[in-house]
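**Q** Read off the chains here:
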Amino acid sequence: AQKITQTQPGMFVQEKEAVTLDCTYDTSDQSYGLFWYKQPSSGEMIFLIYQGSYDEQNATEGRYSLNFQKARKSANLVISASQLGDSAMYFCAMRETPRSKAGTALIFGKGTTLSVSS
Amino acid sequence: EAGVAQSPRYKIIEKRQSVAFWCNPISGHATLYWYQQILGQGPKLLIQFQNNGVVDDSQLPKDRFSAERLKGVDSTLKIQPAKLEDSAVYLCASSVGYGLSQETQYFGPGTRLLVL
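One line per chain: the protein sequences are A and B, in this order. Following my numbering, the numbering of the first sequence begins with 1 at its first residue and continues without gaps. Following my numbering, the numbering of the second sequence begins with 1 at its first residue and continues without gaps.
Here chain B stands alone, though its shape is the one from the complex (with noise of 0.2 Å):
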């Protein structure tokens, strides 16, 4: 079974300028999240999707963040425009059904982000 994909691996841009994170979860699940991890801490929620719908958003910085689940499959994750702490490893992780407590959430390889 394929894991989650993520794509880029790697970015480096200028303070300002946009930047787009794509994420591919394992098939079938309905569940997908997206993290931010500071360098020296642990992963913090971005945003959570339920097949297309938000579930949580309430620590996304709306004014220079967004993100979207069109069809309930892939992600995009759009950052515009970015400051330097948005520097940060940004994964994102799926989980099968609908958030159970014991739900496993699994994780891709993360995209390095560094804005200089």
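Just chain A, with the same shape it has in the complex (with noise of 0.2 Å):
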């Protein structure tokens, strides 16, 4: 069965500082997404990020990337130069390609709280 396993429940950084966050997964599919959202206070995910499990360069967009280890099963997090607003809670998640009507929901960990001070 897939899961998805965020060991961090908080961490703390100062402004301008890099951060990264913890994600492992199983499955035993060989054909998978992984996705970050972010969740403010407000309660909206929103995505930020998304690595294929067949894809040989880690994922990039502006400040956030994603270190893809397959071998290991993680794909942790790394926000550079972090601002306040980069507040909020954060979720991994996977997504296997689907065989058949079963359905392509997200599994999603239980998330890391990010506090960022000045």
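Distance ranges between label pairs, derived from CB positions:
hint : chain 1 : residue 1 : chain 2 : residue 2 : range
1    : A       : Asp-26    : B       : Gly-97    : 23 to 31 Å
2    : B       : Glu-68    : A       : Gly-10    : 35 to 43 Å
3    : A       : Asn-67    : B       : Leu-84    : 34 to 42 Å
4    : B       : Asn-52    : A       : Asp-29    : 25 to 33 Å
5    : A       : Gly-10    : B       : Ser-18    : 35 to 43 Å
6    : B       : Lys-44    : A       : Phe-12    : 25 to 33 Å
7    : B       : Lys-15    : A       : Gln-30    : 39 to 47 Å
8    : A       : Lys-16    : B       : Arg-9     : 30 to 38 Å
9    : B       : Ile-38    : A       : Gly-85    : 22 to 30 Å
10   : A       : Gly-85    : B       : Arg-9     : 19 to 27 Å
11   : B       : Ala-2     : A       : Ser-115   : 28 to 36 Å
12   : A       : Asn-58    : B       : Glu-14    : 44 to 52 Å
Computed from the model, here is a short list of chain B residues facing chain A with C-beta under 8 Å:
hint : residue
13   : Tyr-33
14   : Gln-41
15   : Gly-42
16   : Leu-45
17   : Gln-48
18   : Asp-56
19   : Val-89
20   : Leu-91
21   : Thr-104
22   : Gln-105
23   : Tyr-106
24   : Phe-107
25   : Gly-108
26   : Pro-109
27   : Gly-110
28   : Arg-112
No more than 20 Å apart at the CA atoms, straight line, and that leaves these computed lysine-lysine pairs for PhoX-like:
hint : chain 1 : residue 1 : chain 2 : residue 2
29   : B       : Lys-83    : B       : Lys-15
30   : A       : Lys-110   : B       : Lys-44
31   : B       : Lys-44    : B       : Lys-78
32   : B       : Lys-44    : B       : Lys-62
33   : B       : Lys-62    : B       : Lys-15
34   : A       : Lys-3     : B       : Lys-44
Keep in mind the hints are simulated off the structure, nothing from the lab. Treat the numbers as computed from the prediction; the structure is a model and nothing was measured. Backbone N, C-alpha and C define an ideal beta-carbon position, used for all residues, glycine too.
Please dock the two separately framed chains into a single complex, following the hints provided.
**A** Rendered as structure tokens:
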């Protein structure tokens, strides 16, 4: 069964520093996608970055990059130059490529709360 | 482009009452998802629609929860009767096509439900 593990309940960082949020996953499938979402206190889930299991390069989107280590089944999010507005809950999620009509929903981890201070 | 719309944003009810949530996905998105997010946890799928058909409702408590997506556009999720453990944020999401692994899901602002 698919599983996402985020072992850091909370992380603290100062403005302009980089921070790494950990994510490990478990799947027996060869084709899958990994996602990171940000959830501010307002509640909306904001898509940040995507990494495909067959992608050879680590994904990058502005200040966000994904450190993808397939053999270790890890997909850590790196935020460079943290800003106060980065304070939020961050979720790692996975979806396998569907083989049937069984559904293509995301499986989420429990999240990591990031606090950025000035 | 307008995002996923949900209403109401907040709802407080007493146990055994009924409640309904509404979602309007991004225009043109074929797939719609309802997730339940209990405090301190990640979202969990309740039901997935592709156009107006149900793809996956295996985790929907069908004795009390129901959902429909008439005409393949907006959707309604209903709880009847509500229990205390239904207190959660109900998130609606949509995606453009047919669920390839790389397809991004876009979420609405959610409805926060408190059952007293």
